[in-house]
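Next come the chains, spelled out residue by residue.
Number of protein chains: 2
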Amino acid sequence: MENKLIAPRKIQGFWELMPKEEVLFENMLARLRKVFENNCFLPLDTPVAEFSEILLAKSGGDVDKEIYRFTKGHADICLRYDLTVPLARFVAGNYNVLDFPFKRYQIGKVYRGERPQKGRFREFYQCDADIIGEELPLTYDAECIKLYAPCFKELNLDVVVEISNRKILAGYFENLGGNVVDLMTIVDKIDKLPKDEIVSLFKEKGLSGSDIERTLKIISTSGDIDKIKSLSVMCDNETFQKGLEELGVLDDRLRALGMENYTYNLSIVRGHDYYTGTVFECYIKSKRNLGAIGGGGRYDNLCKNFMDVKMQGVGMSIGITRLFDILKSENLLDTENLNSVDLGIITFDETLNAGLSLMTKFRESGVKADIINETKSFKAKMKEANKRNLPYILILGEDEVKSSCYTLKDMRSGAQEKLNFDEILQKLKV
Amino acid sequence: MENKLIAPRKIQGFWELMPKEEVLFENMLARLRKVFENNCFLPLDTPVAEFSEILLAKSGGDVDKEIYRFTKGHADICLRYDLTVPLARFVAGNYNVLDFPFKRYQIGKVYRGERPQKGRFREFYQCDADIIGEELPLTYDAECIKLYAPCFKELNLDVVVEISNRKILAGYFENLGGNVVDLMTIVDKIDKLPKDEIVSLFKEKGLSGSDIERTLKIISTSGDIDKIKSLSVMCDNETFQKGLEELGVLDDRLRALGMENYTYNLSIVRGHDYYTGTVFECYIKSKRNLGAIGGGGRYDNLCKNFMDVKMQGVGMSIGITRLFDILKSENLLDTENLNSVDLGIITFDETLNAGLSLMTKFRESGVKADIINETKSFKAKMKEANKRNLPYILILGEDEVKSSCYTLKDMRSGAQEKLNFDEILQKLKV
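Going down the list, the protein sequences come from chains Y and G. The first sequence maps to residues -9 to 420 in our numbering. The second sequence maps to residues -9 to 420 in our numbering.
A portion of the hints provided could be inaccurate.
Below are the DSS-like pairs computed for lysine-lysine, each with C-alpha atoms no more than 27 Å apart in a straight line [stated by the list, open to error]:
id, chain 1, residue 1, chain 2, residue 2
1, Y, Lys275, G, Lys62
2, Y, Lys108, G, Lys419
3, Y, Lys10, Y, Lys369
Sample of chain Y residues at the chain G side, in silico, Cβ under 10 Å [stated by the list, open to error]:
id, residue
4, Gly213
5, Ala246
6, Ser347
7, Ser367
8, Phe368
I should point out that these hints are in silico values taken from the structure, not numbers from a laboratory. Virtual Cβ for every residue (Gly too), placed ideally from N, Cα, C.
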């Protein structure tokens, strides 16, 4: 029977890196994990799939077309589309054994069956840190915002966090007598649409010319906390005033935490309707046009679908797949000089075993040494070393084995030296 | 409308750890990653889902009831059941850009819809390291076996690797004129069934009494390479002799690599029928009864369903979910003394901001400091510190803020001292 070949296709939009990129990505994740743990967050790793009734609880069971849903036996299952609902399920299910405030971080894959396009993935990583508790003062909101600082310091990126509080616009729109959700949705589009379209949208929703003018003034407010406080005279709605007040307390906490590189921007609303107070987004400094690479905020009643106890939450998120994708397309990833091998060892038939012993000795000393495939000729081995861009090679003849003195070749400069094991170690570990 | 609560159930058999266990598990993964990279393996992270035609290619499209399969739009998709088929797809799809031998490791979740039972999971982690190339000498088989040594050294576990070569039994059974696959399947059960049942099974397959006796003698052969070599007189089948010869070369390489703690055991066949030469299993020393915690071997023509080029492979695997589960049930995990917080800071209303500044200062110096929730009373804060088993707490009154000299309490001994920042740092970093 002839073997019919199948094209080795990956599902489009599912995230997959080449191995050297993956080294950099794993390194990024490891650094972030270290930061989260240094900030007293515990890791969580929930299943990729959950019962549909859990994941669709929020929507009352309505199936979103973006969700991957299937049955297995009697089980109705979905792939998770975020890490928040699984967190809610975990907190409700383990309410009696967890210590609150519960600070957890999670880095994991999530699934959205939308049409793939540049910068949009169907399978991608989310990276979330959340604090959950029955009573959470604004200190925790500040802590989540401050967390961006050590995270991006580890990643060598300058970022700015832009902060608002949804209560401000909610109270203001409530006061205008408009539909708060509809009007918030318009504000959420402010970065994507020209100003006149925004104005038309407000007009469609029944806002008068002077209301629109005042609204644009408020949502274009950005800067430091004094700018925010000065809005206090514009509206006497209680929720509006509460929002301003909360930002005042938040600012006080952020300063105490030593947070720099943040600003207020009242046009930040965050699409998700579950945010109820503080909201924020994180941008690469001087590259705001690339869009937010993180965001988060305060939400109430995380576990409402799963238990009667009211749990508040505040969380921050970094869009690590998107961020990595940006760094890649902006050529900010150096995979060129990244080597999985520090030292290639070239052996001959009679020195293969000696080469293997030497390889073990180097590896045990922390040098990534590797024998170049013994089946190749000497010439082919040298070619291989060049092709793989190995920084150093060691040529192991019988004389070298006898004398324990090895020829080390620096492949960039072409220089060759005779060195013993310790000298090579010293040279490679610089 | 009343809120109808949904029970926060996880799908049975899907792997999920409590946060402190997860710290230990993540730590285990990080150590293994470091070992793989030190041994010149590159990481790979393929999607959790693949087209069904890819994952079911081996079986010619037959649907195994254990597989999670579903459709999304026009796409027929499966959750991966191992990391090997995705590797084959990746290698075939990137054949022109990869350097061979391609050494990759992958740690990822896989899915098997079998009935969950003790030690069996439906979603669990696999951890594989494989070497793929067009011509792979036995040196690479040795390298994969040797890789267990640094892996388990990092995990502080003593293990033994038991090795065989499928050619030995394949050749021997071929010589007997029996059905090789059937007879191998019987050998694979030798740890699970009493000897007389094994004998009956062989009898059913038509083996004579003397053949069974010889067979049992061969498959009960274990020990060093000389024991293996001494079998050479028992059968002159070419494949049988080739198997013995390969083990001889392998042993030579293993010694050169400095491998210790291995033995030969001709009853090792590994269930999977894709292994074609070297096969091995890894056991915790003195706990062989717990079963293999890893295994692997040599396989031919990895990519045969996806391309015409013949790629050989050899790989090792560690059953990390099973291993962690064993360590947990044998009480070998110390989550008791594991703290997400090194230092709890107790503040008062007037010292909250000073406490936040101090917390940042400690965290920046690598100490996991955390403010104990400000909403609680002093007494409740102390109770919280006890409940969370915090090793140290710092009580921050106004005098402490003024003098920069803090009361540090060792929660285990109860001892209190007045120390400045640097002194506390020194004490906590010991």
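Going through the hints against the structure:
For the given pair, Y/Lys275 sits about 39 Å from G/Lys62 by alpha-carbon distance, which is inconsistent with the 27 Å threshold. Of the supplied pair hints, the one linking Y/Lys108 and G/Lys419 is violated, its CA atoms being roughly 46 Å apart against a limit of 27 Å. Distance hint between Y/Lys10 and Y/Lys369 is fulfilled; the C-alpha atoms sit about 26 Å from each other, no more than 27 Å. The beta carbon of Y/Gly213 comes no nearer than 22 Å to any beta carbon in chain G, farther than 10 Å, and the hint placing it at the interface is violated.
Look at Y/Ala246: its Cβ gets to within about 4 Å of chain G, closer than 10 Å, so that hint holds up. Here the hint on Y/Ser347 is kept, as its CB sits about 5 Å from the closest CB of chain G, short of 10 Å. Of the supplied interface hints, the one on Y/Ser367 is violated, with its beta-carbon coming no nearer than about 13 Å to a beta-carbon of chain G, more than 10 Å. Of the supplied interface hints, the one on Y/Phe368 is violated, with its beta-carbon coming no nearer than about 16 Å to a beta-carbon of chain G, more than 10 Å.
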